[in-house]
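Each protein sequence line maps, in turn, to chains A and B. Position in the first sequence (from 1) plus 13 gives the number in the numbering used here. Position in the second sequence (from 1) plus 7 gives the number in the numbering used here.
In case anyone wonders, no lab produced these hints; they're calculated from the structure. If you're wondering where the values come from, they're calculated on a predicted model, not measured in any experiment. Do not rely on the hints blindly, as some may be mistaken.
Stretches of chain A that chain B covers, calculated by requiring three or more beta carbons in the stretch to come under 8 angstroms of a beta carbon on chain B [said to hold, decoys possible]:
no.	stretch
1	107-116
2	167-178
3	242-255
4	288-297
Facing chain A, according to a computed beta carbon distance under 10 angstroms, are these residues of chain B, among others [as the list claims (entries may be wrong)]:
no.	residue
5	Y51
6	S54
7	I137
8	F142
9	F210
10	E213
11	R227
12	P257
13	M269
14	L311
15	E348
Negatives, chain A to chain B, calculated, CB over 10 angstroms [what the hints assert, rightly or not]:
no.	residue
16	F122
17	Y198
18	D204
19	V284
By construction, the Cβ of each residue, glycine as well, lies at the ideal position given by its N, Cα and C atoms.
Spelled out from the first residue to the last, the chains are:
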Amino acid sequence: MTQLLWNGLFVGSFYALVALGYTMVYGIIRLLNFAHGDLYMLGAFVGFGVLSVAGGLATGLGFVALLIVMVIAMLVTGTAGLVLERVAYRPLRGAPRLSVLITAVGASFALEYGMRLAAGPNPEVYPVRLAGDPVNLLGARITVQQASLILIAILLMAGLQWLVMGTETGRAMRAISQDPTAALYMGINVDAVIARTFFIGSALAGAAGVMAGGYYGKIDFLMGFIIGLKAFTAAVIGGIGNIKGAMLGGLALGLLESFGTAWVGGQWRDVFAFGFLIVFLTLRPTGILGERVTERV
Amino acid sequence: MTTNLATSPARARALFDRIQQNRYLGLVGLAVALLAPFITATNYALSVMTSALLFVMLAVGLNIVVGYCGLLDLGYAAFFAIGAYVSGILATRYGWPLLATVPVVIVAAVVAGIVIGGPTLRLRSDYLAIVTLGFGEIIRITANNLTITGGPSGIYGIPGIMLLGVDLSGPVGLYYTCVVVVALAVLGAARLGRSRLGRAWRFIREDEDAAEAMGINTYRVKLAAYIGGAIWGGLAGILFGAQLSAISPPSFTFLWSALILMAVVLGGMGSTPGVVLGAIFISVLPELLREAADYRYFVFGILLIIVMIFRRQGLWPARAVERQSRRDRRRAEEQDVRKAEEVVP
């Protein structure tokens with residue numbers, strides 16, 4: 014029971030990290046960035062690349078190496094997010110919603126199969142594994158590494174919360190999400206703030222990618238597809254566009270999956286999660302913390 | 008000389024417009040499809056052509072949802088899978104003839120369409136995209152886990168189509184069956200697009216709020232489009248089972264849904280000839296470019312972005328103005344004559 018709870022919280026913190034990027038971009042320009050899960054994949058591969066090049070040095074340092082790699086991966090995926098926004102999404106701002114969605118699907122496709130070209134179709138094994146000795150805590154088996162990964166996730170989320178609520182950029186973000194035109198009139202550089210949002214969201218996904226690579230040990234070019242869907246589910250559960258909601262939703266989804274898997278069996282895990290998404294959309298489409306979204310005419 | 012240079016693009020465009028508006032275009036396409044086996048009829052060529060036809064049917068079905076109604080369905084392969092599995096299970100485990108499974112498949116597709124479309128179509132249209140994506144995965148994983156669907160190895164030994172005692176299971180028989188079915192499907196979808204319901208779909212695509220203000224029940228009309236797409240996909244699934252005689256979960260991944268979407272977007276959303284050509288292009292191209300297989304999907308992804316930024320209407324766009332029906336034109340002519348008579352007593 015405690016074990017299930019712990020597993021749920023652990024997986025949930027991954028979901029929450031990825032869901033944050035989803036929800037930030039959606040909150041600010043109402044765009045479902047399908048390529049977001051693939052930025053997570055990109056992060057995992059960048060981490061893999063750096064660790065492979067650094068080789069022996071990295072394996073000796075273990076956890077610390079992973080932290081450094083994570084920062085590098087965050088910078089790379091953040092930049093990738095910037096490029097994506099500039100090349101694919103900015104030219105279509107104000108275009109019909111369908112066109113933007115299709116562009117996002119194209120971007121996701123290009124990232125997945127571009128990575129397949131670059132790294133080959135076979136799964137890669139992460140050179141650094143985080144498999145320490147488990148410690149018994151209230152009946153659950155917990156490794157120090159697991160605990161530290163959760164701690165990193167919490168720190169990143171706290172940092173984001175401060176950034177959005179406490180800095181000038183954050184205030185600009187909130188202003189744009191309320192009314193982009195009015196924000197422009199007030200002298201906010203809307204393009205720059207949107208670009209920054211993409212950078213931050215993508216960097217968080219990249220961090221989650223490295224963490225997942227280090228923890229599960231295996232990465233492949235399609236790994237972002239399912240996690241993207243899950244992150245969206247988490248964002249919807251929490252109330253899409255809402256940052257605290259994304260964290261809450263990620264943890265809730267992780268717990269649900271953990272208990273659901275114990276109940277119906279591991280092979281039904283994804284069906285359970287997506288089925289829950291559909292049920293949730295039927296019963297409470299605005300999510301736990303979401304406000305009622307009305308479409309503006 | 009200079010004038011000639013200036014007018015030639017305009018002339019080419021006029022010619023293209025005339026070709027595009029030609030009412031016999033569909034018949035020409037049908038004739039090409041009927042005559043193709045006389046040019047080359049190896050088993051390989053027939054199988055490529057049959058697959059292309061199936062792809063055309065899927066693309067035309069998705070065009071109802073994406074092209075006419077402007078809803079993004081990213082799990083279209085799910086309906087394809089439902090059709091293939093329902094007919095396959097009934098045919099192999101219960102010994103039904105394939106044709107008898109058609110009504111059951113239609114019912115199953117409609118039910119699935121209502122289950123997915125019902126709750127999500129009430130919300131913003133973005134939600135539909137991602138829920139259908141999840142739905143595609145649900146169907147594939149379910150087929151992979153259940154015993155009745157044969158698990159990961161799937162269903163094999165699906166019989167061919169028998170019609171009035173004639174065996175149509177050979178490559179030639181199957182090809183011509185597909186030609187007939189797909190021709191009907193294309194015609195049906197095109198006529199649906201020009202119907203009253205089709206006009207409502209396009210209205211919703213252009214401006215949902217205005218459509219609602221004009222008294223269109225947008226929810227029901229959108230659901231109708233979604234269910235229409237589901238039926239087309241389910242029926243294509245039956246033909247798919249008949250063609251391959253074996254189906255398994257890997258045949259119904261997101262890749263399929265994305266490729267069908269690609270065909271619709273590239274050809275021109277809402278344009279029947281465009282979508283048909285787009286589907287043929289997408290399904291035959293890989294056969295021609297075997298060496299470049301690795302680059303294919305990467306290029307497709309880039310192409311989707313480029314098309315959306317630079318040519319949103321696709322390569323063969325839909326006409327903006329509806330063609331007048333023969334009756335309307337006659338009426339307009341009669342009115343002109345009457346006006347002329349009034350002026351010259």
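Structure-based check of each hint:
| no. | hint | in the structure |
| --- | --- | --- |
| 1 | 107-116 | holds (count 9) |
| 2 | 167-178 | violated (count 0) |
| 3 | 242-255 | holds (count 4) |
| 4 | 288-297 | holds (count 5) |
| 5 | Y51 | 25 angstroms, violated |
| 6 | S54 | 25 angstroms, violated |
| 7 | I137 | 5 angstroms, holds |
| 8 | F142 | 7 angstroms, holds |
| 9 | F210 | 14 angstroms, violated |
| 10 | E213 | 9 angstroms, holds |
| 11 | R227 | 17 angstroms, violated |
| 12 | P257 | 13 angstroms, violated |
| 13 | M269 | 9 angstroms, holds |
| 14 | L311 | 3 angstroms, holds |
| 15 | E348 | 47 angstroms, violated |
| 16 | F122 | 3 angstroms, violated |
| 17 | Y198 | 25 angstroms, holds |
| 18 | D204 | 17 angstroms, holds |
| 19 | V284 | 5 angstroms, violated |
The earlier numbered hints that this structure contradicts are 2, 5, 6, 9, 11, 12, 15, 16 and 19.
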